[in-house]
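Novice: Okay, here's what each chain looks like letter by letter:
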Amino acid sequence: MNNSLLVVILASGVAYGTPLLYAALGELLAERSGVLNLGVEGMMLGGAVMGFWTVQRVHANTGVALTAAIVVAALMGAALASIHAFLVITLRASQIVSGLALTIFAGAVGLSSYLGNDLNLADSPAAHTFNAVFPKSMQNWPIVGPIIFGQNVLVYVSWLCVVLVSLYLSRTRPGLNVRAVGESPAAADTMGISVTRYRYAHTLVGGAFAGVAGATITLAITPQWVNGITGGAGWIAIALVIFAFWRPELCLVGAYFFGSLQALAPQLQARNIHLGPTVLWTNALPYVMTIVVLVIVSSGTAKSRLGAPEALGVAYVREER
Amino acid sequence: MATDAAVPAVSMRGVTKRFPGVVANDKVDFEAAPGEVHALLGENGAGKSTLSNILTGLYQPDEGRIELYGEPVAFASPREAIDAGVGMVHQHFRLVSRFTVAENLVLGDRRGAGRYFHIDPSAIATQVRELGARYSLPVDPRARIWQLSVGEQQRVEILKALYQEARILILDEPTAVLTPDEADTLFVTVRQMAEEGRTVIFISHKLHEVMAVSDRVTVLRAGKALATVRTADATPESLTELMVGREIETATRQGRAQPEGVPVLEVEDLWADGDRGTVAVRGVTLTVHAGEIAAIAGVAGNGQRELAEAIAGLRPSTKGMVRVNGRPVHTGDAQAAFEAGIGYVPEDRLGTGLSPTLPIAMNLSLKSYRHESVGPFLRLHLMRHKAEDEIRIFEIKCAGPDQETDELSGGNLQKVVIAREFSAHPSVLIAASPTRGLDVAAVEQVHSYLMQAAEEGAAVLLISEDLDEILALNDRVLVMYEGTLTAVEDRESVSEIGLRMAGGTPG
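If you're matching them up, the sequences are chains A and B in order. Just so we're aligned, residue 1 is where the first sequence starts under this note's numbering, counting upward by one. Just so we're aligned, residue 1 is where the second sequence starts under this note's numbering, counting upward by one.
By construction, these hints were calculated from the structure, which means they are not laboratory data. All of these numbers come straight from a predicted model, not from anything done at the bench. A virtual CB, placed ideally from N, CA and C, is assigned to each residue, including glycine. A few of these clues could be false.
Pair by pair, the computed Cβ-Cβ distance ranges are [as the list claims (entries may be wrong)]:
{"id": "1", "chain 1": "A", "residue 1": "Met138", "chain 2": "B", "residue 2": "Gln127", "range": "50 to 58 Å"}
{"id": "2", "chain 1": "A", "residue 1": "Pro174", "chain 2": "B", "residue 2": "Glu489", "range": "31 to 39 Å"}
{"id": "3", "chain 1": "B", "residue 1": "Gly332", "chain 2": "A", "residue 2": "Ala284", "range": "32 to 40 Å"}
{"id": "4", "chain 1": "B", "residue 1": "Gly261", "chain 2": "A", "residue 2": "Arg318", "range": "27 to 35 Å"}
{"id": "5", "chain 1": "B", "residue 1": "Ser368", "chain 2": "A", "residue 2": "Ala284", "range": "48 to 56 Å"}
{"id": "6", "chain 1": "A", "residue 1": "Leu280", "chain 2": "B", "residue 2": "Gln91", "range": "40 to 48 Å"}
{"id": "7", "chain 1": "B", "residue 1": "Arg144", "chain 2": "A", "residue 2": "Leu160", "range": "25 to 33 Å"}
{"id": "8", "chain 1": "B", "residue 1": "Gly277", "chain 2": "A", "residue 2": "Leu280", "range": "47 to 55 Å"}
{"id": "9", "chain 1": "B", "residue 1": "Ala487", "chain 2": "A", "residue 2": "Val253", "range": "34 to 42 Å"}
{"id": "10", "chain 1": "B", "residue 1": "Asp333", "chain 2": "A", "residue 2": "Arg305", "range": "21 to 29 Å"}
{"id": "11", "chain 1": "A", "residue 1": "Ala284", "chain 2": "B", "residue 2": "Asp140", "range": "45 to 53 Å"}
{"id": "12", "chain 1": "A", "residue 1": "Gln267", "chain 2": "B", "residue 2": "Asp140", "range": "48 to 56 Å"}
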């Protein structure tokens, strides 16, 4: 039963969906504050390479090495996001241009590739990896075994993050403030809320999430470093935020949907089922998503109809005369 | 009633604020007593908003001292001003439109329900209802702002200030968005707040409002506080003179057109969508005759802008017909509209009306250049020459035809737009809020141009939120409410126009 196609697809869909979920949650936080960051792909690659480097270099037990790797990946993501934050919040540059530049700068032909080569990370498996936390006996339970109990700790932490982000936005004072900053910075400013501070904080936290998302790939899903290993997951994550109407709980559903799609092609192949050029369209998905994202974020009408934060992508200038 | 209490609620001494190239406030002295309604009167650009932005901590003054109830203050941020009891109702509301009324009130609140990490806006629902009942500002705390009318949104802004326990309340042009009836209700609330000992600073450039609601008036002109007088001792004439610095001759409309004139602009069952995909114009039928000024009144946002744009070819219609001189005009095609003889003075003069970084001469030729060029080449010499004429005729104050357009003041920008539209001798002229933000002198000039156009036989469609303007110029008044147009029977009846602006019908 646990070998049936559906269960296998869902189980690996949850695994493949986890980096998407982290990246989407981070992007959601930034976008809720009004900052669109198209640099997710670049920040994920930054986190992926630095997380992988950490486990290869830190000589400690698995727990410590992996924790350190996640922290380093988060810091790398936040550091890259700070470039974007400075450009678009302080210098009020175009958010679309700056985000694209960040992806190119940190991406597959940029900083992450350079670091991967310079630190000699390719061609060796990860020294420590995230493995399933529950005992084998539980993983063998029918259906829920592989899907729910066959996952690594990053998956369970991501569920916690969905709950926390959701509660943060809907029930807390800073959550209310950040929504106000994303919807109407002028209103927030008059009420004494610092638009700049909130935008910086959420863009940086968003970057940290993207960094962790990258490390999830290199430390749990395919524990190795390959140039451009994220394969466009960052773009899918940005699209996910849009399709989830900027709501964390829907990000979870969407992430697992896209994760399952990714799992589908290899599984079908392994079972000798041929449904036309399956590999082709799953591989093309990130590119399609990139186009979808760029069309939607540059069309004001599409954004407002989908319910985007009203000030998304717009720099705030306190009304000077 | 206001008295010169020993300690004024607000005292500003020698307050100066400079912006690059202008002194917005020049050694302004201002004083308001507790329990007083104090009007700040002045034309646009006189420095009223700057002064209030200093008082609310948005700007820091370059010089001068501010005291509240005898205590010197220096606000570094809006937060500090709020904490000191200064509340402001901005002309453009500062509300989060997707939030509920309660959420907007709790936002940034440090005293009430908003001071905890965990927030429950519904906890203040009762408090909002009580405040609303006490000040006749009823509003449902669970309603979302976008669901509310503009008048209701203003109530939320005032409630916000009251919820923050503001002792000094600044209202910036509060009646600009209200129907006459709503304005009267607001005045009652204002008086009540003053009777409770709060200080209300009422910013306006409308004399009759100032006369009706205030105890004292401070007149600002060109950044200077000229005088503070008791309203009881002032007359509208004396205040105008202070405000403008000279007497103003009001142009009055001579020889109203006969409604039997030739129909020039005919609009039939026109429908158009707004920017957000909602239906903004719902089946408008309208005829404007040669030599007639038809005025469309209404509170902003009832579809006036979309109607004007649909007629002027800037917005496709979803249904219906526009005809000029009997010939149908393809909507959604600005050039076709222009060729058909429609001139358009848009509401947003710098954004839609002009290309800000082009020289004045180019902007003046923006519509006519197609007929004046030689093949692909512009006849720059001719353009300059024509521009020089127009600058002279329309009294555009500028350095010359080569000056960049966005360096001009609001009134002169509007004259550039009008000059361009007039020089094409349009048979239909649509003017959308043509005098918004202009000073009194410029307003008079724009009005005389519109009357001149009508006299020369154009069909003029004036769209305005300013009732005084509508009453001064119209041959016929129509009111736009939620996308539909109704005719006003008595074109001089403020009460009928006001009633229709609120969606009612007389009788």
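Novice: Provide an ascending list of the numbers of those earlier hints which the structure does not satisfy.
Specialist: 2, 4, 6, 8, 9
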